[in-house]
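A.B. asks: Here are the chains, one letter per residue:
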Amino acid sequence: MSENKLRIGYIPLVDAAALVVAVDCGFAAAEGLDIELVREVSWSNVRDKLNIGLFDAAHLLSPMAIASSLGIGHVRIPVIAPFNLGLNGNAITVSPRLHAALAKLADGDLTDPAVSARALMRVVEAGKAGGAEPLTFGMTFPFSNHNYQLRFWMAAGGIDPDEDVRLVVLPPPYMVESLASGHVDGFCVGAPWNSVAVEAGVGRILHFGSEIMAQVSEKVLAVRTQWAADRPETLSKLIRALARAAEFVADLSNRDVVSIRVAQRIEVDSDLVARTLAGHLRIAPDGTTRNDPRYIRIGGAGANRPDPVQAAWLYAQIARWGQAPLTPELHGTAQSVFRRDLYDAALGAPPATSRNGPSDGIGAFAGPDFVPDDISGHLAAWHIMRSGRPRLSIVR
Amino acid sequence: MRKGSRPPSPGAPSPAAQRDSTLKIAIVDESPIRAAILADGLREAGFTQVERIAETHNLLARIYALDPDVILIDLESPSRDMLEQMFQMSRVVKRPVAMFVDQSDSASIQAAVDAGVSAYIVDGLKKERVTSILDLCISRFNAFSRLQTELEHAKGALEERKIIDRAKGILMKAKQLTEEEAYALLRKTAMNENKKIVDIAQSVITAAELFK
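The listed protein sequences derive, respectively, from chains E and P.
With the numbering used here, letter number 303 in the first sequence gets 303, and the count goes up by one each step, no holes.
One rule links them: number in the numbering used here = place in the second sequence (from 1) + 1000.
If you're looking for bench data, these hints aren't it; they were derived computationally from the structure.
Just so we're clear, the structure is a prediction, and the values are computed from it rather than from any experiment.
Errors might be hidden in some of the hints.
In the SDA-like style, the derived pairs of lysine to any residue whose C-alpha atoms are separated by at most 20 Å in a straight line are [as the list claims (entries may be wrong)]:
#1 Lys1127(P) to Val75(E)
#2 Lys49(E) to Leu1075(P)
#3 Lys5(E) to Ala243(E)
Not everything, but these chain P residues come out facing chain E in the computed CB check (under 7 Å) [unchecked claim]:
#4 Gln1110
#5 Val1113
#6 Leu1186
The C-beta atom is built at its ideal place from N, Cα and C for all residues, glycine as well.
Construct the entire structure; sequences and hints are all you get.
C.D. replies: Pasting the structure below:
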């Protein structure tokens, strides 16, 4: 019996939706699983509790699953990701003041990230010339898409994110307040926090993460490699429960019930969850909206199947910003974190034609197509990268 | 007389601890009471340089200014992720910081997580110098949560007594009973219905409200 009792840690974010729905709408019970969802306040806690076995599984930042397995930033804890809980879902929000400065220096439409990145470069240069303090941007964790999306965007505009601006880790619940108080000039964070900043009138959403990269693995279900080896049956049941739940989330006719369930767990307004899932967000306090069906993807169209291209892309970002060296060994380890085979074993391999989305699997707004087998060739296209340790800053 | 040359008096910290009084310890804890309990314990053990950081917004700036050897943080604080950032800073922090973990010793990590605390140390600091700090921290955190449980228990018991007293009052008035008789009636009913006295008392109060 205890074989089917699971404790799963999660951070209250919209992309925990498949987990929430699996537990609260009966999909876990249908597989005979009795899951306790445990809310956590920090990614570090999630990682440590997964590590020592207090959690059987966890909602985890995709790059963090790779970093854990590589043993960077912390002791090495081999984990695997047999299920992708979400693609995309982040956004870059800036203060009204920075937005006005960008608008003034933009050479085109600010909704184009290439234009906004160039405008940001001009703001940075003007700040340097005037002897101003560098701009500060918040993100959620060193190993996160929030960090990598900000860096990718800035670097495309010619900004060295380690030299020209300050990047600081901020817990998501502190983001909005930090923007309001001027501690940061902008941030990249997941749902619902960008919308919270807009609703509070202290920020404008500049870009959806999906405008920076059309398709990127944001959160995975992580389990310890050893746990997966010890409990293959339980893991299969969990994958099936999550897959059904993710399908349920993707089905528009269930939007109301899904939004209510997710809203209860993460304690925000259910309308906000519904708009987030639809990719239809208010981006400015004046009521302007933006719509992108790719904004966040919880299920459907292969969203949940671990994709080796994504693992390679995340490792490429880790290497680009100097968090780990680029070696074939580490590349191999990073790739082996995403366990498509376990997903297929639980659900059966999907038909070969089911692949869609951007042609290189990522769809970044700048640079050449991504080639997972040639990360060093891909990175060579970039002038701005870091060979040593990345240099994050202090929020003052 | 030089500081180190004094013979140890009874109750004074051991020479080893005295040597470690040079260690600077920062406590990041949202609970001021728990932080105070921990700081007291550390001072008693001979660690004199202990400081609590209460603000979370410029946490890293405060830590940078303080330049501690050891940072203790409660696991309920979302700021923990900010500390993880320090592993990556080669320039801004004066000395690199690492998490206090020993891969060979998962029991100590488990004990710390169970107690709800985590420790970060300056990279290169000998683990033995920090073990006693972490042990103390774990026991103080555990003592604090025991205290809290007891307090909640006591509060609960007080609430129960109030409910039972109110029910007794209602029964005494409605049925012309003495206090002992009223209590005996509650107890007998609870036994017959296999319920707790406080539950019966609550239903008496609810019923009385309905009949008002």
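A.B. asks: Hints first: check each against the structure and report whether it holds.
C.D. replies: Hint by hint, here is what the structure shows:
no. : hint                   : verdict
1   : Lys1127(P) to Val75(E) : 15 Å, holds
2   : Lys49(E) to Leu1075(P) : 11 Å, holds
3   : Lys5(E) to Ala243(E)   : 19 Å, holds
4   : Gln1110                : 5 Å, holds
5   : Val1113                : 6 Å, holds
6   : Leu1186                : 36 Å, violated
The earlier numbered hint that this structure contradicts is number 6, and it is the only one.
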